[in-house]
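Enquirer: Residues per chain, in single letters:
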Amino acid sequence: MAEFKGKPGSAGQRPTGGDKAVATQKKQYFRRKKVCRFCVEKIDDINYKDVKTLHSFVAERGKIVPRRISGVCAPHQRRLTDAIKKARNIALLPFAAQL
Amino acid sequence: MTRIYEELFIVKPDAPDEEVDQYVEQLRGQLTSLGATVDKVDKWGKRKLAYKVDKYREGTYVLFQFTAGAEIVKELERRLRVSDLVLKFLTVRIDQTLKRLEKRKKARDKRAARRAVNAPAAAAPGAPAGPAAPAEASVGMPGMPKES
Numbered sequence: 001m002a003e004f005k006g007k008p009g010s011a012g013q014r015p016t017g018g019d020k021a022v023a024t025q026k027k028q029y030f031r032r033k034k035v036c037r038f039c040v041e042k043i044d045d046i047n048y049k050d051v052k053t054l055h056s057f058v059a060e061r062g063k064i065v066p067r068r069i070s071g072v073c074a075p076h077q078r079r080l081t082d083a084i085k086k087a088r089n090i091a092l093l094p095f096a097a098q099l
Numbered sequence: 001m002t003r004i005y006e007e008l009f010i011v012k013p014d015a016p017d018e019e020v021d022q023y024v025e026q027l028r029g030q031l032t033s034l035g036a037t038v039d040k041v042d043k044w045g046k047r048k049l050a051y052k053v054d055k056y057r058e059g060t061y062v063l064f065q066f067t068a069g070a071e072i073v074k075e076l077e078r079r080l081r082v083s084d085l086v087l088k089f090l091t092v093r094i095d096q097t098l099k100r101l102e103k104r105k106k107a108r109d110k111r112a113a114r115r116a117v118n119a120p121a122a123a124a125p126g127a128p129a130g131p132a133a134p135a136e137a138s139v140g141m142p143g144m145p146k147e148s
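Residue numbers (our numbering), protein chains in the order written: chain U, 1 to 99; chain L, 1 to 148.
It is possible that part of the hints are untrue.
Across the chosen pairs, the derived CB separations fall in these ranges [to be verified]:
no., chain 1, residue 1, chain 2, residue 2, range
1, L, 40, U, 32, 37 to 45 Å
2, U, 50, L, 82, 24 to 32 Å
3, L, 77, U, 34, 21 to 29 Å
4, U, 39, L, 25, 39 to 47 Å
5, L, 117, U, 35, 48 to 56 Å
6, U, 66, L, 40, 18 to 26 Å
The calculated DMTMM-like cross-link candidates involving lysine to aspartate or glutamate, where the alpha carbons are at most 20 Å apart (straight line), are [what the hints assert, rightly or not]:
no., chain 1, residue 1, chain 2, residue 2
7, L, 106, U, 44
8, L, 105, L, 54
9, L, 105, U, 41
10, L, 48, U, 50
11, L, 40, L, 77
12, L, 52, L, 39
Derived contacts from chain U toward chain L, CB cut-off under 8 Å, selection only [claimed, not checked]:
no., residue
13, 41
14, 43
15, 45
16, 53
17, 71
18, 86
19, 90
20, 92
21, 94
22, 95
Honestly, the hints are just simulated from the structure, not real lab data.
Backbone N, C-alpha and C define an ideal beta-carbon position, used for all residues, glycine too.
Working from the sequences, and respecting the hints, build out all of it.
Expert: In structure tokens:
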């Protein structure tokens, strides 16, 4: 999810779309600040039956996407893993998906 | 000690609709006769399973919500396990979650209400935002001549 736009030559006025820019001397990284989707959308209930939501936090292979990639905050990630594991048990989500 | 539970189970896809309905009704009757109150029965219909269960690729999902004690849940699970129709089931205790959600919702509503009260009040006498801006400006103004 992190976008690295690191050409040294094109450091000037590039529309980044990110609100946080970490600039070093040679390379310039523009990293979009990640926010927790559950906090932003004010979703209180992370339910195991809500497959649509859960699906976006499961990787292609069926793994749970880590927090450092999805940007979910710690309390919500805890509930999310719980929900995903419940959903797996009742065959709503795969334990391991075939490619 | 009664608690609120949710029971989600998968019925074999090749069972005819009437049979499933009959089984669900039967379960509901059994639950009530055991002393539980069934709050909700929800048939989701046929869905694809995420993985194969007993060689089936799809199944009919049925959701029960009921209020009961622990022994009744045990009995219900035993019955589901024995039944030929049921592929898989999951029991989740939800009273604590419901309580937490209600609390969160209440807090959120309260905050929204307070904001709704504050917003017109701030507009009329210029409560927090009003004086702050002029004060800053007046601090800035004397500074300017000194520098120049």
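Enquirer: Now tell me, hint by hint, if it's right for this structure.
Expert: Tested hints:
1. L:40 with U:32: 37 to 45 Å: holds, 42 Å
2. U:50 with L:82: 24 to 32 Å: holds, 30 Å
3. L:77 with U:34: 21 to 29 Å: Between residue 77 of chain L and residue 34 of chain U, where Cβ atoms are some 41 Å apart, the hint is violated.
4. U:39 with L:25: 39 to 47 Å: holds, 43 Å
5. L:117 with U:35: 48 to 56 Å: About 28 Å separates the Cβ atoms of residue 117 of chain L and residue 35 of chain U, which means 48 to 56 Å is violated.
6. U:66 with L:40: 18 to 26 Å: Given range 18 to 26 Å: violated, Cβ gap about 35 Å.
7. L:106 with U:44: Status holds; Cα separation ~12 Å.
8. L:105 with L:54: violated, 41 Å
9. L:105 with U:41: holds, 14 Å
10. L:48 with U:50: Distance of about 15 Å is within 20 Å: holds.
11. L:40 with L:77: holds, 18 Å
12. L:52 with L:39: Violated, at about 31 Å.
13. 41: violated, 13 Å
14. 43: This interface hint is violated because 10 Å lies over the 8 Å limit.
15. 45: Result: holds, 5 Å to nearest chain L Cβ.
16. 53: violated, 15 Å
17. 71: violated, 21 Å
18. 86: holds, 7 Å
19. 90: holds, 4 Å
20. 92: holds, 6 Å
21. 94: Result: holds, 4 Å to nearest chain L Cβ.
22. 95: holds, 7 Å
Going down the numbered hints, you'll see the structure goes against 3, 5, 6, 8, 12, 13, 14, 16, 17, while the others check out.
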